[in-house]
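S.K.: Note that the protein sequences, when read in sequence, are chains P and Y.
Numbering-wise, the numbering used here puts 66 at position 66 of the first sequence, and it's gapless, one number per residue.
Remember, the numbering used here sits 1000 above the position in the second sequence when you count from 1.
Not one of these hints is a red herring.
Some chain Y residues near chain P, calculated using beta-carbon distances under 8 angstroms:
| no. | residue |
| --- | --- |
| 1 | E1041 |
| 2 | L1088 |
| 3 | Y1100 |
| 4 | P1102 |
| 5 | G1107 |
Quick caveat, the hints were computed from the structure, so don't treat them as lab data.
This one's a predicted model, so the numbers in the text were calculated from it and none came from an experiment.
The beta carbon of each residue, even a glycine, is placed where N, CA and C say it ideally should be.
These are the residues of each chain, in order.
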Amino acid sequence: KAGVTQTPRYLIKTRGQQVTLSCSPISGHRSVSWYQQTPGQGLQFLFEYFSETQRNKGNFPGRFSGRQFSNSRSEMNVSTLELGDSALYLCASARLANPYNEQFFGPGTRLTVL
Amino acid sequence: TQLLEQSPQFLSIQEGENLTVYCNSSSVFSSLQWYRQEPGEGPVLLVTVVTGGEVKKLKRLTFQFGDARKDSSLHITAAQPGDTGLYLCAGAQGASGGSYIPTFGRGTSLIVHP
Chain P
1 KAGVTQTPRY
11 LIKTRGQQVT
21 LSCSPISGHR
31 SVSWYQQTPG
41 QGLQFLFEYF
51 SETQRNKGNF
61 PGRFSGRQFS
71 NSRSEMNVST
81 LELGDSALYL
91 CASARLANPY
101 NEQFFGPGTR
111 LTVL
Chain Y
1001 TQLLEQSPQF
1011 LSIQEGENLT
1021 VYCNSSSVFS
1031 SLQWYRQEPG
1041 EGPVLLVTVV
1051 TGGEVKKLKR
1061 LTFQFGDARK
1071 DSSLHITAAQ
1081 PGDTGLYLCA
1091 GAQGASGGSY
1101 IPTFGRGTSL
1111 IVHP
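Throw the hints in and build the complete structure from the sequences for me.
M.R.: Below, the structure is given as structure tokens:
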């Protein structure tokens, strides 16, 4: 069974630009969650999508948005990039959307904002 | 303020030594999970504990959930170089509408020297 895939793996952008990251969950998984990981703040929850609907949202500004398609693939968009947005962005998929289901993480997209 | 405090932040030990990593909070969690993350990869789930006082064993790893469901510990017996990685604890806190917000500790970076 193929794991969670994320594209691109590495990305360099400049301040003010926008970026779209993609996540393909494990086949059959309907929940996709996004996280931001930085050395200073650790791993922080951005949002979760389940069956194309945003189910949960963390404490991030509106510049961070996402969506999920009918095939469960998900995209995350960050507009008006800031230096502080430099981070590893991880997505995780799960079969169901509740805290007891195992999440499978992808390798992440390393975003650098210059 | 970090809802889940992990200690120690860094740990460098020799092969064969024992160690304990702690995850503490002032909040009650419906469940706690432990993950291990290796460089360039996403976190991998090790265990989920859901009952206060629960103890789970995974080979040389022993996980305990506090009676009050506010803290957890991970004990590794006879550590091996393959145990090297970032150990993260994560909790699920209830949010509105029956959803939940995943919260991660900042992690304990473990290096086991041969």
